[in-house]
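*Asks:* If you want the building blocks of each chain, they are given just below.
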Amino acid sequence: MTPRRFATIISGTLKAWGVEDQCVLKTEGFSCSITLNSNVLVKIAYEEQSFGSIWRLREKNQKESVHPSVGTALKALALILCPNRKVGRVVFAN
Amino acid sequence: MKQSEFIPLTLITGFLGSGKTTIIKNLLQREELSKTAVIINEFGEIGLDHHFIETSDEDLVELSTGCLCCVMRGDLQEAIARLLKKREAGWLFDRIILETTGMADPAPIIQSLVLDKISAPKVILDRVLVTVDSVTGLKSISEFEECSRQVAFGDILLLTKTDLVENVEGSLEKELMHINNNAEIFKSDFGIIDLELVLGEYKRQTIAFTENEIDKHSHSHSHSHSDIMSVSLYFETPIHAVTLTLFLELLAEVLGSDLIRLKGFVYIKEAPETPAVVHGVQHIFHPIAWHQSWPYEKKETQLVLIGRSISLPWVRAILETIEEEVEEITRQNEN
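As given, the protein sequences belong to chains A and B, one line each in that order.
Per our numbering, the first sequence starts with residue 3, numbered consecutively.
Per our numbering, the second sequence starts with residue 179, numbered consecutively.
Pulled out of the complex, with its shape left as it was, chain A reads as follows:
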């Protein structure tokens, strides 16, 4: 992971969800904050530990959640930023 890739993942996700224009994204190194109407909605941090990489999400007034992969981190972020967005589930045809 690089700081640039970290920023790309977060900004690209906001774009995919159509919320990039409503939010202000501030990134610094491996952390960022997403602000809406001057209120910080969520802070995200990526860390590399001895046992592997983790993603920390701290939603305003909520306990921090820790995720072992980019997939679970973005799933949790979706519940904060756009809980009503319909998600797709991959189906493999036989």
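In case anyone wonders, no lab produced these hints; they're calculated from the structure.
Misleading hints may appear alongside valid ones.
The calculated DSSO-like cross-link candidates involving lysine-lysine, where the alpha carbons are at most 30 Å apart (straight line), are [unchecked claim]:
| no. | chain 1 | residue 1 | chain 2 | residue 2 |
| --- | --- | --- | --- | --- |
| 1 | A | 17 | B | 317 |
| 2 | A | 28 | A | 62 |
| 3 | A | 77 | A | 65 |
| 4 | B | 300 | B | 264 |
| 5 | B | 447 | A | 77 |
| 6 | B | 365 | B | 317 |
| 7 | B | 352 | A | 17 |
| 8 | A | 17 | A | 28 |
Quick caveat, the model's predicted, so the values are computed rather than measured.
Using the hints provided, position chain B relative to the given structure of chain A.
*Replies:* Chain B only, in chain A's frame:
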């Protein structure tokens, strides 16, 4: 005579008045397509299109109670079942052409064909031909989502009525490439097309774009008439098989219905000589198949994604990160 286990189905779609029926009519006059069954989906109480197709009633099934993509998927299965029954009784057709309505969204139709587990012999979607009116195509794309979506699903895009215009194809072709840079574009004068486009070996597995062209397409988004666009991902490093599954799941999860189509080859670490063939329509994917050898010189993942709000750097970053995570776990397991 032994009947084939598979029957190829050619899906012909295209916006209202773009010339689908004329092309089918001309195709059916060719000797090579004499054993072709036709399914026509007409919208409205009075279906007219089938009257323009000169074929015997036996060869043609008309669906006129609604648009296939909306409510008629069951009817499509039934129509195919009816045709297969006739085949059992001795009418040996070897190909099906399915014409959609001009306002159809091809996605549910394609999904229905991909997910069909009933029909035997199996009817397989061979290719999707999309007719685009050279005169009105640009306007239709900018004004009608249906038109853009049809282009997005095309394997072959047919510019029709080219005999009526001069120098329009340039901007239209540019727009078509922006929406779907993996399709091949051909022109059709007076509704006549090369038979190879229907019967020839389809180069589904080829993604023939250079890096410069990819950049051009990726950056031309703001000039587009449609918000649907395609991005091409080239990835040189082989990835673990499980990375591919996690990657597809994450794309479906984040992009939802904005992911319209995904196809290409994936360079898998566990099978470096046989690229994995990936082909998905929205969240429905064909089973992963393995191509016998690399269809292009370089071993690398080449994927085309068509949809809305898809950023190429984001797709690359996601794939790189998932592969790193999988590599990390694999390394830990080995120690």
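*Asks:* Hints first: check each against the structure and report whether it holds.
*Replies:* Structure-based check of each hint:
1. 17/A to 317/B: Given that 30 Å is the threshold and the Cα spacing comes to 27 Å, the pair holds.
2. 28/A to 62/A: Status holds; Cα separation ~16 Å.
3. 77/A to 65/A: Distance of about 17 Å is within 30 Å: holds.
4. 300/B to 264/B: Since the Cα atoms of residue 300/B and residue 264/B sit roughly 15 Å apart, the hinted pair holds (cutoff 30 Å).
5. 447/B to 77/A: Satisfied, since the Cα-Cα distance of roughly 27 Å is no more than 30 Å.
6. 365/B to 317/B: 18 Å, holds
7. 352/B to 17/A: Judged against 30 Å, a Cα distance of about 24 Å means the pair holds.
8. 17/A to 28/A: 15 Å, holds
Figure legend: structure checked against the earlier numbered hints; every hint is met.
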